[in-house]
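With the hints as your guide, set chain B onto chain A.
Sequences listed follow chains A and B, in order.
For the first sequence, this note's numbering gives the first residue as 1, with consecutive numbering after it.
For the second sequence, this note's numbering gives the first residue as 1, with consecutive numbering after it.
Since the hints were derived computationally from the structure, they do not count as laboratory data.
Please note that the accuracy of each hint is not assured.
[Stated by the list, open to error] Subject to a maximum C-alpha distance of 20 angstroms in a straight line, what follows is the list of computed SDA-like cross-link-like pairs (lysine to any residue):
hint, chain 1, residue 1, chain 2, residue 2
1, B, K9, A, Y260
2, B, K268, B, Q215
3, B, K73, A, P460
[To be verified] Chain B side only, calculated, beta carbon under 10 angstroms to chain A, not exhaustive:
hint, residue
4, V8
5, K9
6, T19
7, A34
8, P65
9, A164
10, T171
11, V199
12, S279
13, Q305
14, F306
15, D320
16, D321
17, G322
18, E328
Glycine included, each C-beta is placed from N, C-alpha and C at the ideal position.
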Amino acid sequence: MLFPTVEFALFFLFSLLVSWSTVRHHVLHKTVLLVLSYVFYGLWNWHFLPLLFIISLYGWIASLGIASSRRPRVWLVLGITACLLTLAWYKYLLFFVQNLVNLAALMDRQIGLEMESPMLPLGISFMTFHAISLMMDVARGKLREVPSLPDAMLYVAFFPQLIAGPILRASQFMPQLYTPPNPNRIETSRALMLIAVGLFKKVVIANSLATLLVDDVFTHPAGSSASQTLLGIYGYAAQIYCDFSGYTDIAIGCALLLGYRFPDNFNNPYRSATPQEFWRRWHISLSIWLREYLFIPLGGSREGQVRTLISLMLTMLLGGLWHGAAWNFIIWGAWHGLLLCIHRVWDDYWSARNDDAWRYSKTWLICSRLLLFHAVCLSWIFFRATDFDSALAVINQLFVGAWSADLPLGMLICVGLGIGMQYIPEKFFLRLQYQAMQIPVWALGALFALALMVIEVLGPSAPAPFIYFQF
Amino acid sequence: MLRRFDSVKRMATTVAMATVIGLIIEAGGLSIWAQRLEVGVLREIANPITQGWEQTVSFVHLDAPRRWALEAKASLDHVMMPEPMTAQGVDTTLQATENNTSTVVSQTKTNTTKKSKRSGRKAESDIALPVAVNFSGNEKIQIALVGDSMMAVGLAPVLRRALAKEENVNTIRAYRSGTGLGRPDVFNWMEEYPKMRGVHKPHIIICAIGANDAQGFQIDRTVYAFGTPQWNAVYAERVRNFLKLLGQDGARIIWLGMPAMREPNFSKRMMAVSALTKSVVAEYTQVTWLDPNPFLNDESTVFAQFRVNQKGQMIRLRGDDGIHLSDEGAAYLLPSILSWIQAQQKFAVQKSN
Chain A
1 MLFPTVEFAL
11 FFLFSLLVSW
21 STVRHHVLHK
31 TVLLVLSYVF
41 YGLWNWHFLP
51 LLFIISLYGW
61 IASLGIASSR
71 RPRVWLVLGI
81 TACLLTLAWY
91 KYLLFFVQNL
101 VNLAALMDRQ
111 IGLEMESPML
121 PLGISFMTFH
131 AISLMMDVAR
141 GKLREVPSLP
151 DAMLYVAFFP
161 QLIAGPILRA
171 SQFMPQLYTP
181 PNPNRIETSR
191 ALMLIAVGLF
201 KKVVIANSLA
211 TLLVDDVFTH
221 PAGSSASQTL
231 LGIYGYAAQI
241 YCDFSGYTDI
251 AIGCALLLGY
261 RFPDNFNNPY
271 RSATPQEFWR
281 RWHISLSIWL
291 REYLFIPLGG
301 SREGQVRTLI
311 SLMLTMLLGG
321 LWHGAAWNFI
331 IWGAWHGLLL
341 CIHRVWDDYW
351 SARNDDAWRY
361 SKTWLICSRL
371 LLFHAVCLSW
381 IFFRATDFDS
391 ALAVINQLFV
401 GAWSADLPLG
411 MLICVGLGIG
421 MQYIPEKFFL
431 RLQYQAMQIP
441 VWALGALFAL
451 ALMVIEVLGP
461 SAPAPFIYFQ
471 F
Chain B
1 MLRRFDSVKR
11 MATTVAMATV
21 IGLIIEAGGL
31 SIWAQRLEVG
41 VLREIANPIT
51 QGWEQTVSFV
61 HLDAPRRWAL
71 EAKASLDHVM
81 MPEPMTAQGV
91 DTTLQATENN
101 TSTVVSQTKT
111 NTTKKSKRSG
121 RKAESDIALP
131 VAVNFSGNEK
141 IQIALVGDSM
151 MAVGLAPVLR
161 RALAKEENVN
171 TIRAYRSGTG
181 LGRPDVFNWM
191 EEYPKMRGVH
201 KPHIIICAIG
211 ANDAQGFQID
221 RTVYAFGTPQ
231 WNAVYAERVR
241 NFLKLLGQDG
251 ARIIWLGMPA
261 MREPNFSKRM
271 MAVSALTKSV
281 VAEYTQVTWL
291 DPNPFLNDES
301 TVFAQFRVNQ
311 KGQMIRLRGD
321 DGIHLSDEGA
331 AYLLPSILSW
341 IQAQQKFAVQ
351 KSN
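Okay, chain B solo, but in the shape it has when bound:
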């Protein structure tokens, strides 16, 4: 019977039917959703329910439609979707900017080395990571940009534009917004990074990650609340493992800490993540720590959205969200990163000589 309008009863029946069938054929999707929830009450409740439901649906083979759809999508993906592109180019700003900021990086590096010498972990870490960078003068330099939205927004565009001017540089994009090392159940960098870099073996890695990591996580049935010693221990180990993965082919790494954020509580949490990561980075001589705060604001741990440059112009350093860097903000970090890259090239040439 043709009907344009329904009664509440008919509408409710339709919606209820959609909900029931949706719950059955989307059992897998719901399970993934529950796993990705932030650690808390909702996840505690939703996770076992959705997992049990998924198993039940799978047991009676009612998950077949979604499985078929996923298989069909996977088989079409390589035809339909773009290959990860790489950017190539040259950077003429390398020499021009070297003198300005290399001291900052060098100081950081020296401090890092001093600290790592004091650290009992140094010897162990040096064994874990190859110490030599593997590129020679004739080879194209593979530079990987790694991280979450702190890399994807602001920093990556600025770096890619700068590096694109260099003919013998190949930029590898290995960043993904909304990810981190805190929740491998949501996005596992240990599995995803090798896929993201593909066949390339980066000589140099610029990494900015951690903005999504100020949250608790769960391993088996144990909940690790953010900032507790147990959380710190697990997170530090994840950073170590990630560094080993990044550096396994001898890549030299620069790790950017988190800048101060507008929201004070979030900023405090970010500073805690940064401090912990910095202490791990200090264990590795071939990893350089770069604190972005002194470049963005004279008062290093205070959030600044704007700064006035030497010409008296007001430059926006951060996005409207008070979290991400604007392109102009990222440009303040650029000279240091570029001079560090150049230092690695010199290092490589010396090694090959």
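So here's chain A without its partners, still in its complex pose:
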């Protein structure tokens, strides 16, 4: 069930009604949310419901073991291994087998392996990351008690974040399950604004860019002029931002209406001036997850520069691989790892010299923002292209294609909106939210309905699935 559909609207209205009408009976309330979350997932493919349960079970059993056993580390390793093996089975096994066979072929050896990849369960990466977070947070003493099995199941399966995040850390979400949501503290205006903005980003900007510009440029680079290709690359940067941040805006808005709080997942990432800043603004929940559970256990930045750089590179490589079992994602991760490493060395060098006042000038800020944006766009080419050759073909087209000014106005507006909206001062949205808080409830409801109608009319007829569903 996709967010921008009538089916989800009906499902969500029903969920809202049932969850708030049971809020006085806390256990019943949580059970209702759990059942609704399983129904939500089962409507996509009920065959994978046992998998959702099993992953939650891994997390819960390992958490119990960690909390009560004399050897918590063993339980932690066992639990994480079980989660990662499940993820590997569905997502990575065939990739490794394929590369093994191809490597053998390069060395003139033939390996006769006949395999079929299992169907990839929707949101499996998010499920496993939640289960791992549960175990890690119990091991680190960040939870006051080991959650019950139903609570652990609800944490992994809570439907607004189940398919594409944001990735909630257990220490962030579990405390919200200790007490029922407060029926007098619902941020309605913020929630509705997030849902409307999220739908606009996804349905109008991301879908239009995908179906009318980006798919075409990346499917057949040689068929586009250099200017169309450049617009297509910027278009993909805008598309993936609007697609993913739109999804999380809707998820955060829905959770708020249900009385739960999710962390922000995006904070105007294309305004970043450094790679480090970019990862503090882009897919924040994944960045924090990778930092907390991968970069720091690998040594973090306390073990000297070389070790830090190695940890950074490894974290980003694995972060790339998390997105998908393909070399283009690994290249994408490696590129971001390299950017982070270069920036760290550069930063250390200039910090040590003490004559880096120019680095804080407005001119340098603009230059570094432009530079970083284009470095990120370059990485998106590899992320979007189906393979390495296609990515090179897109880049090549920028140099061999003709430059023309006949770019479609609608696409220019979409790209401009997708990227430019990140430069709108935060004050503007706060003021908008402030205005929304002041108007009567009937007017707020009417405005929201009107916004939905405009979004429905402006969106292209051909839908495009959420990009992050495949991860």
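For chain B alone, coordinates are given in the frame of chain A:
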């Protein structure tokens, strides 16, 4: 009064207000949604309700906001949205690959012809479709890629890249994911195809369609369940009509059947759609049937996601969904399609001589 937090009551009032106003101003959109639902209980219930609601809203002119918005969008569309682009290019692989696979196509073609000779419909169909391809040696060859996501994913990118190398070839993109011949109420190919091809008159059409058609449909109040003789009769007639539309300017058509799918039940349904389409295609001598299965797997009706090539490399033939072709998978079909295209060019030259 400024308030950051609301009570459940206030929130419920806001949501209820949004729902009521949304139901009024989005009555048209809801009606379209209900019409597009798969045939079943939900559609049975939703369709009459939403249609009745739309009529009521329209009667009291409360549908005006949506109508205005649609009119405003339509008037801006031609300024804002890109024109359908065409790709041009040459294909040097035409000659190189001809010998490898042309026999497969020829065999299929011969079989098709034999079958069509036996068919009582042949004479009627030949009258319905012009038999000659209309391009000459000097003219740019217009090749249309037609179909649903089976064309859009894998096949179209590979074909377009291959055809882009040919200077005298113009590729027309007339494919749309999520469509089919089964549900003209959702996407009517008979109306949309002429718009998609625009002013171009294709000489050659490569068509791959049917992946979304293994479902029931409703005509007036009658429900046609998938696979029943009545469904088969209606679907076959739609394929015939579509072929007549595609071939009305004398285009020569190659129709790609459905490959075996990973999910066994879905695969069985796809094979049924393919078999039915093949039997219709056999009625037309100027339409060639290409079964993709022998190219993807030696055991022709068994799904294969990978295959090992002659160099011992493992090649991914299908996407993760177990439905669509990967680029490498589509590349296995490419030589046959290209050699068929070349055969049509030769045919045209012979005709003009």
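Comparing the hints with the structure gives:
1. B:K9 - A:Y260: 17 angstroms, holds
2. B:K268 - B:Q215: 13 angstroms, holds
3. B:K73 - A:P460: Satisfied, since the Cα-Cα distance of roughly 11 angstroms is no more than 20 angstroms.
4. V8: 4 angstroms, holds
5. K9: With Cβ-Cβ at 9 angstroms, under 10 angstroms, it holds.
6. T19: OK, holds: T19 of chain B within 10 angstroms of chain A, min 7 angstroms.
7. A34: 8 angstroms, holds
8. P65: 6 angstroms, holds
9. A164: The hint holds - A164 of chain B has a Cβ within 10 angstroms of chain A, the shortest such distance being about 5 angstroms.
10. T171: At 8 angstroms from the nearest chain A Cβ, T171 of chain B passes the 10 angstroms test, so the hint holds.
11. V199: 18 angstroms, violated
12. S279: This hint is violated: S279 of chain B lies away from chain A, its Cβ roughly 30 angstroms from the closest one there, beyond 10 angstroms.
13. Q305: Holds - the Cβ of Q305 of chain B comes within 10 angstroms of chain A, reaching about 5 angstroms at its closest.
14. F306: Hint on F306 of chain B: holds, closest Cβ of chain A at ~7 angstroms, below 10 angstroms.
15. D320: 5 angstroms, holds
16. D321: 8 angstroms, holds
17. G322: 6 angstroms, holds
18. E328: 9 angstroms, holds
Checked against the numbered hints given earlier, the structure breaks hints 11, 12 and satisfies all the rest.
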